[in-house]
Each structure stands twice: as C-alpha cells, then as structure tokens.
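As a plain string of letters, each chain reads:
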Amino acid sequence: MGIFNSINTSASGLTAQRLRMDVISSNIANAETTRAQLNEDGEWVPYRRKMVSFEEKGSSFHSKFQHALHSHSDNNASNQNTGVRVAEISEDEQPFKMVYKPNHPDANEQGYVAMPNVDPLKEMVDLMSTTRSYEANVTSMNASKDMLMKALEIGK
Amino acid sequence: MPTVNQLMLNQAASMKNVSQNRTTPFEAQQNFADSLKNAINHVNETQINSDQKTKALAAGEIDNLHDVMIAAQKSSITLQTAVEVQSKAIDAYKRVMRMQI
Amino acid sequence: MALFGNTFQILDRSLDYASVKNQTISNNIANVDTPNYKAKDVDFKSALNKAQSSLEAVRTHEKHLPFQSGHGLPEFEVVSRQNTTYNHNGNNVDVDKEMTDLAKNQIYYQAIADRLNGKFNSLKTVIRGGQ
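Protein chains in written order, with this note's numbering: chain A, 162 to 317; chain B, 26 to 126; chain C, 6 to 136.
If we strip away everything but chain A, and leave its shape as in the complex, we get (with noise of 0.2 Å):
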C-alpha cells in the first residue's frame, strides 16, 4: 500500500540490521573455533569471519525484472520497492592468525595454531554500530507511524 512505503523501508532496514547482527554474534562466538569445517584433506580448518554486504533494493537485476513485468498494471508510480536487502554474506578472505601453542591438539609440526581471523574489538565496534542503526531505523519508523495517525486526526 502506497501509505506505507515509508514504514516498509524502515522495517527493510530493522530486517538486515538484525541480519548484520546475527553475524556479528556467530563472529564472536566463534572468535576461537578451530575446527569449523572439514576440508578436502579430511582436516579440520579454523572459522572464517562472515561479513555482511548490503545493497539497495530496486538495483538488483531481479527487482528491476519485476518492476518492468509489473510496471503495466501499477496504478500509482510511486516507487514501492525502496530499502535495503543484504546482497551476500561472505567470508573475510584475510589469513588466519597463527598462535604458538605446541600442546594444542590442532597445533601443525612447527607449534603453532591456526586461529579464525576474528577480532572481537573489531566485532564490538561492528555491534555498537549496527545497534544505532537499528535504533535509528526504529526511530524513523515511529515518525512515519505517527504523521499517519496525525493524517487521520484531520477533521477531528
């Protein structure tokens, strides 16, 4: 409905910032996982850090597909699919970290560890961050919400 674009945007943000969240969590607490999975060896290899992409919605090849299908039949031009999405959760790339622990049962034959490249300040930073965003999306929605209360007061 064309009354609740606005709202609709703000929940597409709350939905990837939780999204963003839930990643940030698995980060951390798998800051020391060294046996994430198995690799092609049949050896246990380390957990990788997960990182969020976001894009805007309406600028994928899909969405603009679909608006050009449905573009005919829309009585109203406004745009109805504004927003963000998450375009992929992949993996950081950087090394893992190499820690000298000769007695840990993961340890290669020189001692050290090949710890995940997770670094919780780093993930802390990340947390705070994706909280105001949230909060700031909840804000956005709670102005929305109330012009649209205020709209039906007029004439009262």
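Each hint should be verified, as a subset may be incorrect.
[Said to hold, decoys possible] Calculated lysine-lysine pairs in the DSSO-like style (CA-CA distance at most 30 Å, straight line):
#1 K119(B) to K317(A)
#2 K99(B) to K129(C)
#3 K102(C) to K80(B)
#4 K113(B) to K306(A)
#5 K113(B) to K317(A)
#6 K218(A) to K317(A)
#7 K225(A) to K102(C)
#8 K311(A) to K80(B)
#9 K306(A) to K317(A)
#10 K45(C) to K258(A)
Think of the hints as simulated: they come from the structure by calculation, not from any bench.
Following the hints, position chains B and C against chain A.
Structure of chains B and C alone, referenced to chain A:
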C-alpha cells in the same frame, strides 16, 4: 439521496414568487433552480469522490492517507451545509406561509 | 430503499480482514521462540477460488434451494509460510516484520473505522435534517 433532491427542488418551485426588478419571475425561478441543481450535483460529486477514495483505501491502492481524510471532510462539510440550507429554506417557507395577508 | 450501500459492505469486510490479521500477528509474535513454528499470514483467496465461487448452481426444480455463491466480496484465509527457516529450531518468525505489520495494520484499522464512522454520521445528519 432522493429525499434531499426532491425536498430542495420543491422549495425552489414554491419560491417562484420572489420579485425581481430586472428579470422576470420565470427567469428568476430558472436561475435559482439551476443554481440549486448545481449545488446538489456538487454535493453528490463530493460524496462519490469521497466514496471512491475510501474504497481505494480499503483495497490498498492509496498513496497518501491525508488525501482520503481531506476528501471525506470536504464531502461531510458540503453535505452538512446542504442540510442546513434546506432546513433554513423550509423555515423561511413556513414563515412566509404563516403571514396573514 | 437500501440505506447501506456497497461501500459499507466493503468497509465492513476490510475491518474483518484487519482484525483477523491482528490476531494472526499476535499469534506469530507469541510464538517467536517455538520450535518448528511457521509464521502465518492472511491472504485474499486466489483468483481461481473466486472464479469458482461465482458459479451458479443449476436448479432442476423451482423449489430447490440455491447454492450460496458468496457475496462477490473478496474472501480471505489464514495461510502458513512454509518455505523459510530462520532459526536453528525451525522457527521462521521475523519479529521485526511482525512488529511493522502490527503498526501498519493498526493504522489501516483506524483509518477504515474512522471512515465507517464518518459515513454513519453523514447518514445521521441527513436523517435528522439539521435539527
């Protein structure tokens, strides 16, 4: 609403004794009846317009909520004005009919 | 004389839809942690169902009762979104989406109720005739 239509047109017909210097009574009656008809059509149009916008709101095809509310208020005020004018016209008619000749 | 025309029926039906949707959203929010719970939504019945429901039953005898073919207004039903999983426990409720749907539905309900109120008041004004 057929009742309002009929009542107001009846009032127009019964007021054809208004004396005019420059126009004949027939012309005066025609002018008055025409403007009355236009007013009633205007009330009807605002009602239909507001109805259409309300149906569009229920179906989810509206872009601006304030459009619907403003159209609704306009039609409500227009209708109330028409009802007031009708009641004043009836009062005036009754007073005229009460006059002792 | 029909006092309440087509618009009243449409507004009435929209209020039904909004209140069913409100119950569905509350149910979803209450079950945000339930394992294997799939979020529910309120859908207008598909066009196929609508076309089928508009078929007239042929009566072989005058006195047979006719089938009720619906009142020509859109029907809606509660459906379940089966295909997605968000959590490890099979739950697919997106709490942000449910909260925003709650807000949107509340605004929709108030707008429709306000319009219905306005129409009833107009009828009363005309019937009272300005007294």
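The hints, checked one at a time:
Under the criterion of a C-alpha separation no larger than 30 Å, the hint pairing K119(B) with K317(A) is inconsistent with the structure, at around 35 Å. A C-alpha spacing of about 17 Å is found between K99(B) and K129(C), which places the hinted pair at or below 30 Å, so the restraint holds. Straight-line distance between C-alpha atoms of K102(C) and K80(B) comes to about 26 Å, which keeps the hinted pair within the 30 Å bound. Restraint check for K113(B) and K306(A): the C-alpha separation of about 43 Å exceeds 30 Å, so the hint is violated.
With a C-alpha separation of about 26 Å, the suggested pairing of K113(B) with K317(A) holds against the 30 Å cut-off. Taking the CA atoms of K218(A) and K317(A), the gap is near 38 Å; set against the 30 Å cutoff, the hint is violated. Only pairs whose Cα atoms come within 30 Å are accepted, and K225(A) paired with K102(C) is accepted, the gap being roughly 23 Å. With a C-alpha separation of about 21 Å, the suggested pair K311(A) and K80(B) falls inside the 30 Å cut-off, and the hint holds.
Between the alpha carbons of K306(A) and K317(A) the distance comes to roughly 18 Å, so the proposed pair stays at or under 30 Å and holds. Only pairs whose Cα atoms come within 30 Å are accepted, and K45(C) paired with K258(A) is rejected, the gap being roughly 45 Å.
Checked against the numbered hints above, the structure breaks hints 1, 4, 6 and 10 and satisfies the rest.
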